[in-house]
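Chemist: So you can see what is in the structure, the chains are spelled out below.
There are 2 protein chains.
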Amino acid sequence: MKQHKIYVVGIGPGEYEKMTIQAARVLESCDVIVGYTVYVDLVKEHFPGKVFLTTPMKQEVKRCELAFEEAVKGKAVAMICSGDAGVYGMAGLMLEVGHGYPDCQVEVVAGVTAATGGAAVLGAPLIHDFALISLSDLLTPWEKIEKRLICASQADFVVCLYNPSSRKRGDYLRKACERMLEYKSGDTVCGIVSNIGRPGENMRILTLEELKETPVDMFTTVFVGNSQTMVIDGNMVTPRGYRMK
Amino acid sequence: MKQHKIYVVGIGPGEYEKMTIQAARVLESCDVIVGYTVYVDLVKEHFPGKVFLTTPMKQEVKRCELAFEEAVKGKAVAMICSGDAGVYGMAGLMLEVGHGYPDCQVEVVAGVTAATGGAAVLGAPLIHDFALISLSDLLTPWEKIEKRLICASQADFVVCLYNPSSRKRGDYLRKACERMLEYKSGDTVCGIVSNIGRPGENMRILTLEELKETPVDMFTTVFVGNSQTMVIDGNMVTPRGYRMK
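Chain order of the listed sequences is W and A.
Residues 1 to 245, numbered by the working numbering, are exactly what the first sequence covers, in order.
Residues 1001 to 1245, numbered by the working numbering, are exactly what the second sequence covers, in order.
Just so you know, these hints were derived from the structure itself, not from any lab.
In silico negatives: residues of chain W with every beta carbon more than 10 Å from chain A:
#: 1; residue: HIS4
#: 2; residue: VAL40
#: 3; residue: GLY49
#: 4; residue: VAL51
#: 5; residue: PHE52
#: 6; residue: GLU69
#: 7; residue: ASN195
#: 8; residue: PRO199
#: 9; residue: VAL216
So, partial list: chain A residues that the calculated Cβ filter (under 7 Å) puts toward chain W:
#: 10; residue: ASP1084
#: 11; residue: GLY1086
#: 12; residue: LEU1095
To spell it out: a stretch of chain W is covered by chain A in this simulated footprint if at least three of its residues, at any positions, have a beta carbon under 8 Å from a beta carbon of chain A; those stretches are:
#: 13; region: 14-23
#: 14; region: 79-86
#: 15; region: 96-104
#: 16; region: 137-144
#: 17; region: 149-155
Note that the Cβ used here is the ideal one computed from N, Cα and C, for glycine as well.
One chain only, chain W, in its complex shape (with noise of 0.2 Å):
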């Protein structure tokens, strides 16, 4: 039995609401909160009293160790994640950094991650099979992501793609639809969603060939169709198989 507890905690899209039950009660229970600044303002208002600790971008392994020193300390910690801390979460480098703590426990919970709660918006996109592959090469060669683009379009899954642009990738989605279109056809229905969850949600329904030459921001999440996805009542609808009624 370890001596301290420190959860990360996956508080789902952004609104208080869309948290589980579990997530704000542990968050209740927590003497302190370490995230990244933009999610600390999302669910500060929701937990006063606690000591919110931050750290920017690109400081991750920082803050977990800001975690641990605080749990080790005797305080009821939490690090915060949006959507699910297991999906390109911090759940990971939690437990790898927690191997130099062993007096800690790292327990998960689960959260809402962009994929479900855009596909929320956008109707049932994501009824069958699909696969999520995130456009960021920071730590992934273009080549992997490339393969993967293709092959999940090879074997007729639906794709969300998270971290479709940013400021120094602005043509990764157009290069991302290119490979998708050597085995989609351009008709295949799509879906864009923005700040999910947050104020501004936006959605809009498209093809493959539209999405291509679609701008999209850092706040979107893209959903590209398999061969039967369909437009019904202006939802993106994927069906359960193959073989509908």
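Since chain W is already given, all that's left is putting chain A on it; use the hints.
Modeler: For chain A alone, kept in the frame of chain W given last:
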């Protein structure tokens, strides 16, 4: 503006507190809660005074019609699903059936799906790109499922398998492992989680070679790592990319 609003609510893995605050609020606001018997039993005690309507497995279309019929009578109605309503859930079918009820507006409320709920139990297997594949060939030809297993393995995706087994499909997980072993190493770190967020929750970490020989039941979710996935202090962890310090 449509006259009636009808909700499709993902209740998460099972435990009440793993549901989102929004899901709980919506269910509290409803008169009628419709669902598959097993899911209704999971929530019943937390929402006293509601009318619960159920249909058995394979009566999904009828279940949707039941929900819409209540809504057009003026009742506040929610259709519930385990996990997320948009991942192998009822959101798609509700939108399809809803086309016949033009006065009803369908709203999907996202939840924690077994992939992220199970990942939290194992550690952090889904931190990087992953593919979700159902092994059920009820609506999808097995050749299509095999193609997805192969393509996902070729591109070094982490693979999460839903419906890995059933009475009629006892050897499907073995067959799936054989396909993945064509491109993934036998040492690949894998994890299985059963009864996520329910009594009897159980997890195990093993290799892909071992997974091939392991019988699982239909309440199990299976995780197959990528080439970078490792075991840290008993947890299954996939690092964020390919260039970790």
